[in-house]
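For the protein sequence lines, the chains are A and B, in the order given. Residue 150 in our numbering sits at position 150 of the first sequence, with consecutive numbering throughout. Residue 13 in our numbering sits at position 13 of the second sequence, with consecutive numbering throughout.
Do not rely on the hints blindly, as some may be mistaken.
What the hints assert, rightly or not - Cut-off 27 Å, straight-line C-alpha distance, at most; resulting in silico cross-link-like pairs (DSS-like, lysine-lysine):
#, chain 1, residue 1, chain 2, residue 2
1, A, K105, B, K48
2, B, K112, B, K60
3, B, K48, A, K39
4, B, K39, A, K39
5, B, K113, B, K60
6, B, K112, A, K39
7, B, K60, B, K48
8, A, K105, A, K167
9, A, K42, A, K105
10, B, K112, A, K42
11, A, K105, B, K113
12, B, K39, B, K60
13, A, K167, B, K60
14, A, K160, B, K48
15, A, K42, B, K113
16, A, K39, A, K105
17, A, K105, A, K160
It is worth saying that the hints were derived from the structure and are not from the lab.
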Amino acid sequence: MLFEVPSLESLNLGVTLPAVSLAFGVCVLLLADLLLVPKDRKEITAWLAVAGVAVSFVLNLFTFNNTDNEAFLGMFVADSFTGFMNIVILLTAFLGILLSKDYLKRAGIERGEYYTLMLMSAAGMMFMASANDLVVVFIALELLSIPLYVLAAFRVPDVKSEESGMKYFILGAFSSAFFVYGAALVYGATGTTSLPAIFNAVGTLAESGGSSAFLLLAGAGLILVGLGFKVAVVPFHMWTPDVYEGAPTPVTAFMSVGAKAGGFAALLRIMAMSLPAFTLADGQTFAAWQQTFWIIAALTLILGNLVAIAQSNIKRMLAYSSIAHAGYILMAVAASGTIGLTDEATRAALIYLLAYMFTNLGAFGVALAVERDDGSGTNLNDFVGLAKNRPGLALMMAVFMLSLTGIPLTGGFIGKWFVFKATLDAGLVALAIIGVLTSVVSAFYYVRVIVNMYLRDGEAETPGETQMVNWAVYIAGAGTLIMGIFPFLVTGLSDLVTVAASVVR
Amino acid sequence: MALQDFAPIGALLFLASAVMLLVVFISRLFGPYRPNPRKSAPYESGMKPIGPAIRRMPVKFYLVAVLFILFDIEVIFFLPWAVAVRDLGVYGLIVMGVFLFILTVGFIYEWKKGALEWE
């Protein structure tokens, strides 16, 4: 025997329960939908999916901040970072299901597989947040992406939806290949795929220098390409507007938040945790990849915010805005490259993700209410006069737009506050200035929606406004406002988050 | 792992190539050789491999191909497991059970969806 057969106790399966229970729930949901749920009552499937999410959520609360948190011989870790990420992901899935239920019926694409795919993708995101090994990251990445490819094309035979699915699939498969290549190079340099072991190997590599260090940097760069595609940062963002515009709106909402959460979870873990500082400059230690992230973050912020101004379609506008917001989170990732700031920057990224989750899902919820059954009605002009016809929805949309801009008393402000603070503490002053300036620019196109709703006369229709969508929008609105007014509720939770590498150290 | 540990793999590689070459050349040397256009086509009873790429073909073939890959991979997983099943013990049994469960769920799904019916 080459290896020891692990005992069941050493696998420590208890801490994997949140993610595994959701994955198991997916299997049950698929069969239940197939065998038990009648064809015209697909809302039962939706409620079953919500139940699966709820079970996973409760289990996640139990494993939150567990001390004995490594499972599968260290390949899977369920620390407080995972716990926080899981909360974001499960809330995304929950709101995504609420947004989808009536939309599917209106669009005539009510098939039970929809919810199965959505939960499958959410399970992939949860594994991504727990992955402590490059191989697990890759499997989670595929589990996250493949259902999303299908979901993006779910509105067949709508041409735009098909185009969206196809584009996402081909480019996504390409980016996965980049990731695997990067992982292979990192393995070649360090001789291991386990993230803590890579962390230990990097120190000795940096001292010896030579070709292995170069191999490691090249690998890290390729990993960045693969994950950067998933989170849509600038050189790898080309697919975003087309895919977001063509995909069914609730799917766009789900993937604009979920795929980003998963991607950034892996990015933070791989970069901040296992590829630490090995460059000394001006007496300050920072990771060699920090410069790269600095540049990418700046490009993302500038391009995302500037191009969003030119958009007339709300889904395309929100797509570019989501690129811009990836840039803000990337600021925090760049800041986490400064030694001693890893935890603070990680917390900032997590808070930003939570705020972005509520805000973006809510904004897509309102866009979905305005959208017509055939998928038209997503123009910015379709919002004209919304405040008169649907004051509640318009008020919520205003809150979301202000939160995306980063106005105080909203979650977006709190997120930006922590991200900018972390960036400044890390000494990246120029990046922080770019962030603030682009925020100001972003106000232009966000406020334009508010102007359309409140100041221009018109008759906005909301054919998609149903009970369920209203709930989702109000929950998201409540989340945005509560985070903005009582930030200590969230920071109390995120203060528990420490990145596992600091434990290894 | 040192390089000489890979020696069996190298031997396998060599033997596999040798047998392959042997089979091809022996049949060419000793067997009757009467080619005709039908017989020398790459796929004797399949589709023509050369021609315009954009044309209609039954999508059912792809379904069969995908299902084939699925069960092919199942076999690939099962064979090494079956060889080592005594050493792996209960742990191996549980792991394979999980794999089989996921596979069965997929199988039930495709069955109920009618993917196994040709018409």
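Tested hints:
| no. | hint | verdict |
| --- | --- | --- |
| 1 | A:K105 - B:K48 | 43 Å, violated |
| 2 | B:K112 - B:K60 | 16 Å, holds |
| 3 | B:K48 - A:K39 | 41 Å, violated |
| 4 | B:K39 - A:K39 | 50 Å, violated |
| 5 | B:K113 - B:K60 | 13 Å, holds |
| 6 | B:K112 - A:K39 | 13 Å, holds |
| 7 | B:K60 - B:K48 | 17 Å, holds |
| 8 | A:K105 - A:K167 | 25 Å, holds |
| 9 | A:K42 - A:K105 | 9 Å, holds |
| 10 | B:K112 - A:K42 | 17 Å, holds |
| 11 | A:K105 - B:K113 | 21 Å, holds |
| 12 | B:K39 - B:K60 | 26 Å, holds |
| 13 | A:K167 - B:K60 | 24 Å, holds |
| 14 | A:K160 - B:K48 | 33 Å, violated |
| 15 | A:K42 - B:K113 | 16 Å, holds |
| 16 | A:K39 - A:K105 | 12 Å, holds |
| 17 | A:K105 - A:K160 | 19 Å, holds |
Of the numbered hints given earlier, the model fails hints 1, 3, 4 and 14; all others are met.
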